[in-house]
Amino acid sequence: MAEIAFRDPNLVMRLKRLGSLHQSRLSFMRILTRRMAREGWTFERRAFEIDDDGVGHAVYTAHGPERSYSLVAFAHDLPAEQRSDRVIAEAWDCTFTLHDGVPGSDDIERLSRNIPYQEAGRVTGKELSVSRANRSVRLWEHVVSSLASGVQPDARQIDAVGYLMRTTAVYGSGKLGAADREMIANRPEFASPFQAEMLSVFLTRWFVTELVQHMADVRARQTGREAAKLSVDLARSMGIGNSTGLGMAPFLLNHPVLFNNWIMAREKAIQAVRSVGRASASEVELFLELVERGKTTIKTWHSDHPIQIEKLASLREDVENVTRHLEDTDLSEPGAWNALYQWSEANLGEEGQEWIASLMTEPYGHLVDGFADEMAADNTATFRIAGAMTIADLRAILEDVYAWALNTDWARPENRARAWYVSEEKLEPRLGERFEEPIEDYEQPLAPGRDAAQLYTAVSHWPDEAQIADFLLRHPECRHTVRRTQIAKRAPYAEIRDNTISDQVLPIDMLRCKLSFFGATKFDPRSDRWVRICMYGNAPLPFELTGDNADYWVFPNARETAA
Amino acid sequence: MTHSLNEIEALCKRAGRGSGLPWGLAEEAAKGARWLSAFGLPGAEKLADLLELNDRIPAIDVSPVSLSAEIWHAPVRRMSPLIAGASLSDSATRLKERGSITMENVLFPLLTVPFMGGAALRLGTPVAVEWQDARLATDGHQLCLTASDDALGIGQADRLVFTTPAEMTGRKEPVLRATVSESDWSRLSAFAHRTFAPATEESRLKGAGAGTTDND
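Just so you know, the sequences run in chain order A and B. Position in the first sequence counted from 1, then plus 72, gives you my numbering. Position in the second sequence counted from 1, then plus 501, gives you my numbering.
Rather than coming from a laboratory, the hints here were simulated on the basis of the structure. Don't take every hint at face value.
To be verified - Think about it this way: if two alpha-carbon atoms lie no more than 25 angstroms apart in a straight line, the pair counts; the simulated PhoX-like pairs of lysine-lysine are: (1) A/K498 <-> B/K673; (2) A/K88 <-> A/K498; (3) A/K198 <-> B/K673; (4) B/K707 <-> A/K586; (5) A/K88 <-> B/K673.
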């Protein structure tokens, strides 16, 4: 069989496709749950000092083979009018930090003076993340009142929301004084990206189920009754919501090497599976089972947003198409995975293609999971500009990587209608109308295509053999883009090959892409630049995590299949 | 109170941009301040000094006139260590061929040192620099330093000589926390603030694209 090539970056790195990605074996939540199960992590509640008004703190500790990590949670009594998911909010229902180790009473005291204030507080190198969460008011009240009156909450109401609390920011990597990634990057448990943040959310979910039980117990006691104990099945069905705004979009543009490594790992996985000669009966069986379970996710995926409604309709059509196709397909034929992938490219939309591409990799943990260790990035080596590169070589990269941008007419207002900027209000990233708002002076460098086209023009009259070092001495304004261009040569999936400032740009495509790598499902856009998701829905709670349920929990409504 | 290196880098990048540096140089200034901070050197403080002195000055006035000149000098006789350093890093192969590069009248020479690290990593051999009675060498990972605090913090060096290969003696390992004084932090913050768009009601409502209500 001919060797299967990696997919062309010009196909993969378009916003519409990146905005259609689905979770996979290489999603950060699944990487974490697999590791914790494999290594036999244990979990304990070390403190729960929360009063009848729901105010106080709790500590939940995860013990790994060498180190322990503790979620320190602060619960608050938040007036309804202050509940906001915006970065510019100043109070929350709960606030959290992930502490490196087991905190002493002095740590708790120190954190209690800082964590509730989030950006207005400070943490130290002993903290790995800072986050906050707000209640789903509707579901919270339903669960508290049901349990308090002695009955289980209604599963349909739980399914309709999916979570009791949603995080509105999870800060890591040195933010607010926390440990830099370099301080923990050499620990095996943090070899893959965002593992500390994913651990904090995993523990947050456990805490939230215990907090809701506590509040139900208090309410029942006030009426002289005893509350029902929330069933583990219902608790497990709930995840932690996440409300994500624009801030996540610049991340992908600001970390081109890291972004390349994420996409590259998934592309390697897809390529490895497309290259499998003949699938075994058990591999085919697992794939078909997960297709069925994946359909349940898609069936129950709800959004009120017109863009997602349209995408969902197309995905559901794709799913029916896949179902019919699989009825007539023998996946045990040689080269069947590659044939299935090629069929999907010819017959499905981007949503369907990426759904199938992720699903194909599921039976192949032994081929795929190792790529998880290649997803982090050390930027030092790629940050330096190679000044001895010739103008001819630079030009050739620009023509290859940024062909779409060189063919874009940047003089047309619609092609540069928007500008990314940072507001002085809590440094909230925003996207504005370049020609209508006074923001251009504050523009962030988040339009690589336009900047590459400008660089191409700037070098147009330079001789081929001239060196970049001499060009940059006269054009320091091009340093940023020269660096990106050199990175994109080494890292083919580093650059989004699409216009990030056009009047058509949908920032939710970037949010969806990043959140799919976290492992999110059921993306629910609230606008073109704001999305809600659910994390760890259906995942085992910490105390029930085993090798049997650590991986396929993301596929609902069927028994766990051993890999 | 200590700072994370990430915080220092983020602030310095914004500050550099706020002082009028192009984005690419602001990024390198910030990486440099971070690199120096990791070795316990006053990178953020010296950057604040430089930004105040060169506030909104056109880059071309404080850049080397030519990279092939025997001695690099800037038209206004006070070369920016950021542009000098970035040019040195860009000229790593030229440095190797020539064995040394000499610069005259460079402001805050300490700020050129991180760029030597970049050049050393590219060449795979350590690079050293000398000015007055200061001598520093780095392979990009570790730093060797023979200098008084006064020499390190000097505001302008008449003559800087970069050489490669260089010997690494008395290595310093980076530490991963740093301290920036409150006054340096606020000097940098003042520059950084220039990069933030003033809040308007319209941008508050539309710019982030949040829904009208967050309660569900």
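Structure-based check of each hint:
Restraint check for A/K498 and B/K673: the C-alpha separation of about 37 angstroms exceeds 25 angstroms, so the hint is violated. Restraint check: the Cα-Cα separation between A/K88 and A/K498 comes to about 30 angstroms, which exceeds 25 angstroms; the hinted pair is violated. Proximity of A/K198 to B/K673 is assessed by CA-CA distance (about 24 angstroms); at most 25 angstroms being required, the pair is judged to hold. A C-alpha spacing of about 22 angstroms is found between B/K707 and A/K586, which places the hinted pair at or below 25 angstroms, so the restraint holds.
Proximity of A/K88 to B/K673 is assessed by CA-CA distance (about 48 angstroms); at most 25 angstroms being required, the pair is judged violated.
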